[in-house]
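Chains as they are written, first to last, in my numbering: chain A, 12 to 278; chain B, 30 to 318; chain C, 25 to 390.
It is possible that part of the hints are untrue.
As the list claims (entries may be wrong) - Below, simulated DSS-like cross-link-like pairs (lysine-lysine); rule was C-alpha separation at most 25 Å, straight line:
1. B/K216 with C/K160
2. B/K233 with C/K158
3. B/K123 with A/K16
4. B/K122 with A/K15
5. A/K15 with B/K216
6. B/K233 with C/K159
7. A/K16 with B/K216
Unchecked claim - Among the chain B residues that face chain A by a calculated CB cut under 10 Å, a handful are:
8. F51
9. A53
10. I115
11. L118
12. P121
13. G126
14. A129
15. T153
16. T193
Said to hold, decoys possible - Covered stretches of chain C, going by a simulated chain B footprint (3 or more residues, C-beta under 8 Å):
17. 109 to 115
18. 121 to 135
Read the hints as simulated data drawn from the structure, not as lab findings.
Glycine is no exception: its CB is placed at the ideal position from the N, C-alpha and C atoms.
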Amino acid sequence: MKIKKRAFILGFYFFIMLLPIYWMLNMSLRTNADILNSFALYPHNPTLSNYIKIFTDSSWYSGYLNSILYVSINTLISLITALPAAYAFSRYRFLGDKQVFFWLLTNRMAPAAVFLLPFFQLYSTFGLIDTHIAVAFAHCLFNVPLAVWILEGFMSGVPIEIDETAFIDGYGFSRFFMTIFIPLIRAGVGVTAFFCFMFSWVELLLARTLTTTNAKPIAATMTRTVSATGLDWGLLAAAGILTIIPGALVIWFVRNHMAKGFAMGRV
Amino acid sequence: MEKWQDNRAWFLVLPVFVIVAFSAIIPLLTVINYSVQDIFGPGQRVFVGAEWFKEVLGDKRLHAALWRQFLFSGLVLLIEIPLGIIIALTMPKKGWGASASLVTLALPLLIPWNVIGTIWIIFTRPDIGLFGATINKLGMSFDHTASSLDAWVTLMLMEVWHWTPLVALLAYAGLRAIPEAYYQAAKVDGASSWSVFRHIQLPKMRGVLTIAVLLRFMDSFLIYAEPFVLTGGGPGNSTTFLSIYLVKIAVGQFDLGPAAAFSLIYFLIILLFSWLFYQALQNAGKGEG
Amino acid sequence: MARIDLKQIAHSYHDGAQKPEDFALRRVHESWDDGGAYALLGPSGCGKTTLLNIISGLLTPSRGSVFFDGQDVTALPPENRNIAQVFQFPVLYDTMTVFGNLAFPLRNRGVDTEQIRQRVNEVADILDLTTHLKKKASGLSADVKQKISLGRGLVRSDVAAILFDEPLTVIDPQLKWHLRCKLKQIHERLKLTLIYVTHDQVEALTFADRVMVMHGGKMLQAGAPEDLFEKPEHKFVGYFIGSPGMNFLSCILDGNIARVNGAAIELADATAALAKKAGQKLEIGIRPTYLKVHSNKQPGSIAATIKNVEDQGSFKIVTLILNQQTLRARIPEDQPIPDKKAWLSFPTQKIRLYADGQLLRAQGAS
Numbered sequence: 012m013k014i015k016k017r018a019f020i021l022g023f024y025f026f027i028m029l030l031p032i033y034w035m036l037n038m039s040l041r042t043n044a045d046i047l048n049s050f051a052l053y054p055h056n057p058t059l060s061n062y063i064k065i066f067t068d069s070s071w072y073s074g075y076l077n078s079i080l081y082v083s084i085n086t087l088i089s090l091i092t093a094l095p096a097a098y099a100f101s102r103y104r105f106l107g108d109k110q111v112f113f114w115l116l117t118n119r120m121a122p123a124a125v126f127l128l129p130f131f132q133l134y135s136t137f138g139l140i141d142t143h144i145a146v147a148f149a150h151c152l153f154n155v156p157l158a159v160w161i162l163e164g165f166m167s168g169v170p171i172e173i174d175e176t177a178f179i180d181g182y183g184f185s186r187f188f189m190t191i192f193i194p195l196i197r198a199g200v201g202v203t204a205f206f207c208f209m210f211s212w213v214e215l216l217l218a219r220t221l222t223t224t225n226a227k228p229i230a231a232t233m234t235r236t237v238s239a240t241g242l243d244w245g246l247l248a249a250a251g252i253l254t255i256i257p258g259a260l261v262i263w264f265v266r267n268h269m270a271k272g273f274a275m276g277r278v
Numbered sequence: 030m031e032k033w034q035d036n037r038a039w040f041l042v043l044p045v046f047v048i049v050a051f052s053a054i055i056p057l058l059t060v061i062n063y064s065v066q067d068i069f070g071p072g073q074r075v076f077v078g079a080e081w082f083k084e085v086l087g088d089k090r091l092h093a094a095l096w097r098q099f100l101f102s103g104l105v106l107l108i109e110i111p112l113g114i115i116i117a118l119t120m121p122k123k124g125w126g127a128s129a130s131l132v133t134l135a136l137p138l139l140i141p142w143n144v145i146g147t148i149w150i151i152f153t154r155p156d157i158g159l160f161g162a163t164i165n166k167l168g169m170s171f172d173h174t175a176s177s178l179d180a181w182v183t184l185m186l187m188e189v190w191h192w193t194p195l196v197a198l199l200a201y202a203g204l205r206a207i208p209e210a211y212y213q214a215a216k217v218d219g220a221s222s223w224s225v226f227r228h229i230q231l232p233k234m235r236g237v238l239t240i241a242v243l244l245r246f247m248d249s250f251l252i253y254a255e256p257f258v259l260t261g262g263g264p265g266n267s268t269t270f271l272s273i274y275l276v277k278i279a280v281g282q283f284d285l286g287p288a289a290a291f292s293l294i295y296f297l298i299i300l301l302f303s304w305l306f307y308q309a310l311q312n313a314g315k316g317e318g
Numbered sequence: 025m026a027r028i029d030l031k032q033i034a035h036s037y038h039d040g041a042q043k044p045e046d047f048a049l050r051r052v053h054e055s056w057d058d059g060g061a062y063a064l065l066g067p068s069g070c071g072k073t074t075l076l077n078i079i080s081g082l083l084t085p086s087r088g089s090v091f092f093d094g095q096d097v098t099a100l101p102p103e104n105r106n107i108a109q110v111f112q113f114p115v116l117y118d119t120m121t122v123f124g125n126l127a128f129p130l131r132n133r134g135v136d137t138e139q140i141r142q143r144v145n146e147v148a149d150i151l152d153l154t155t156h157l158k159k160k161a162s163g164l165s166a167d168v169k170q171k172i173s174l175g176r177g178l179v180r181s182d183v184a185a186i187l188f189d190e191p192l193t194v195i196d197p198q199l200k201w202h203l204r205c206k207l208k209q210i211h212e213r214l215k216l217t218l219i220y221v222t223h224d225q226v227e228a229l230t231f232a233d234r235v236m237v238m239h240g241g242k243m244l245q246a247g248a249p250e251d252l253f254e255k256p257e258h259k260f261v262g263y264f265i266g267s268p269g270m271n272f273l274s275c276i277l278d279g280n281i282a283r284v285n286g287a288a289i290e291l292a293d294a295t296a297a298l299a300k301k302a303g304q305k306l307e308i309g310i311r312p313t314y315l316k317v318h319s320n321k322q323p324g325s326i327a328a329t330i331k332n333v334e335d336q337g338s339f340k341i342v343t344l345i346l347n348q349q350t351l352r353a354r355i356p357e358d359q360p361i362p363d364k365k366a367w368l369s370f371p372t373q374k375i376r377l378y379a380d381g382q383l384l385r386a387q388g389a390s
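Given these sequences and hints, build the entire structure.
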């Protein structure tokens, strides 16, 4: 059976793929002493002590809130600015359109390491260091071009005749855009939001450089605490597991949009 | 579909232009400025011309890091692209299975990059890690903190584990866009599954695969957080990639001039190769009979 | 070349379907002769494409079997059934030339190079594709692409049947006629069994010797185009075929007279005899073409009010109200039409009677 063989290959891949995550989950449910003393395939005496420690220490959970805050701001800014721009690229020819589009994409290629120091100086000048908005803005460097790129693909799939008909019917641009056009590419907006969220959530280098305490992301909190407590594996694993959860929730909520977006054949 | 000619479209692009320019052009100018000056302290700087570029281009350790980087990115593309396509081909086309596969597949993509490193440290350590302990039990020694080869193996495993899902998602999107009639016609024509792949699926995936190759090339070429957490660039310099080396110069040694010159060269290399890949993939499949 | 027999075919897209509504196709039993031209006609969702895919082997029916020349092929995959299928949208292998596309099915079967070249050239000649052979398949116009799709089916020397699934949908109107002629010409030249799926009655009626009208997963009537027009066996067939569709008026039988809300329509003896057996709830069916409209009272005619007149160029369509029931008449362009009131006469030979949506027929008559 061909179907069974496929399902088997996929199942095997997922098994391998989930193993490292399972292992971290396993570690997170054990105390550090337990981890170092015995090797076990599953926690014999599962404990939530690592999680409790994280939830009762404000330096831990505020890291979470910081990350979620700047990622949300970034996703919002990226979508709001990229929607009209993507529309312009998909519908109009104008002076320097191709050049600007290409220039936008090159920013996706700029090594984040290149921009570390100038970014720090730039945001210091504006007094934005250690604010959520600074990280959200910095992440726009790669998320906005990406959003324009993805949305442009979706928009090009909508026939231009729809726009023409709407304008003939007397729709103003903003009303047409909000009530007709955006609903048409809803799935595309969902996919774009997913990618923006993803790339902002996982980025650490810029986020860590631009923050010290007030806006410090959870991922950076992890590295700091590890060096301070001298490798508490259980605590580290619990923190790691917790960083996966927001991402998993986001995928769960956009899964239908993703399936639809993928069916439209644009990413 | 004919596009409208209207320069007022610039107003729609303006917000994006401003926000990206703020984050891109000003820092880029700063970098260019640094790359031609020697900076002793606040307000004390001397114009040095192409001095730093010469120094960087002659840096033996940078050459080594560059070759390491090419080897790494090359391996990444060679493994992840075919593997991603295979996974996309095995995924269900619809129903709950499709949603479940998509969600599972996307999971590694949503883990912060340094956490990825942490996961793999925990997984591959010879004392507490499932992978490391198993390999050692099989009689082979495995320790990514001591052996360069082991560090590379761990890093490749991690990279493939982390990013193959992105390739698979893109390839899956491409596959879903192929109308059912193509498969039906191929069946009627008696095409083998290889022929279907070669003459229908692969050509129809060209667009998304171009994106996949470009994204994977750029991001693997820029890799920083994962090897930094996993090995810190070691053992020795065996996993010191360009970004890690760059941060060592810029932040560790505070040599801003050479670091800036290095950054610009780095950027140009990525630009050049992305363009080459783009051209190659656009032309692929056009000139055959 | 083959004779095709469908035996008690039913198909559902759900597993374990029991209720009739779950079936996309409900019991189709048909025999098609070798070399005939058949059309499957019906609105979208009627099950015609499902039936076509069962014949080609893309679908295995939930129930029943398919026979080609008396041999059971139900379990055979499409590539072993020797059929050619052309889809609604042209399917081409973009990376290959036109020659490569046409040669593809032969290469898959391991035919030697010389023979491939010969067959491809023959087929290209029939389809007027010779000048295109060396071109890339992508970038050609839709009608050429459809011809290539057809050609891929025809290159095989052992083709049993050609199946078309609305092949003219994406073709420009002015080219449709040209391509349809070409298809007809090929059918006559190669004498292949040809099955044509469409929702366009003009295409079906001009193309096929025998048309099957489908609705709701059932085959309502199969017959020559004239039969479908003259004696629709089911009200749906009457509606669906003809432009405009057949008129239906509910009536009560009174001896040899059918009463439509009081107005009397005379029936032929044979028709009346059938009606007596059928009982109460009856409907009169008559084609708009056969309805006669007069400006003044004639013997046996009935008064009706004119509601609307549409000029269609070579003819006019008159909408009339007869005792609260609406009906349409199709009359020649040059015939004068009265203002408000008209007299209708119903030619007795053209009147059909329906009970429960089915045509009343003499026992044993077809």
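Is it true that the CA of B/K122 sits at most 25 Å from the CA of A/K15?
holds (14 Å)
Holds or violated: is there a CB of chain A closer than 10 Å to the CB of B/P121?
OK, holds: B/P121 within 10 Å of chain A, min 8 Å.
Interface restraint verdict for B/A129 against chain A (beta-carbon cut-off 10 Å):
holds (9 Å)
Satisfaction of the B/A53 interface hint, Cβ to chain A closer than 10 Å
Where the cut-off is 10 Å and the nearest Cβ of chain A is about 5 Å from B/A53, the hint holds.
Closer than 8 Å Cβ to Cβ for three or more residues is the test here. Does the stretch 109 to 115 of chain C pass it with chain B?
holds (count 5)
Within 25 Å, alpha carbon to alpha carbon, are B/K216 and C/K160?
Answer holds: B/K216 to C/K160 is near 22 Å, not above 25 Å.
B/L118 as chain A interface residue, shortest Cβ-Cβ below 10 Å
Cβ of B/L118 sits 8 Å from chain A, so the hint holds.
Check the hint pairing A/K15 with B/K216 against an upper bound of 25 Å on the C-alpha distance.
holds (20 Å)
Are B/G126 and chain A close enough, Cβ to Cβ, to be under 10 Å, as the hint says?
holds (8 Å)
Let me know if the C-beta of B/T193 comes in closer than 10 Å to any C-beta of chain A, holds or violated.
holds (9 Å)
Checking hints one by one. Is B/T153 an interface residue toward chain A, by the C-beta closer than 10 Å rule?
holds (9 Å)
Is the interface hint for B/I115 satisfied, with its Cβ closer than 10 Å to some Cβ of chain A?
Result: holds, 7 Å to nearest chain A Cβ.
Of the numbered hints stated above, none is contradicted by the structure.
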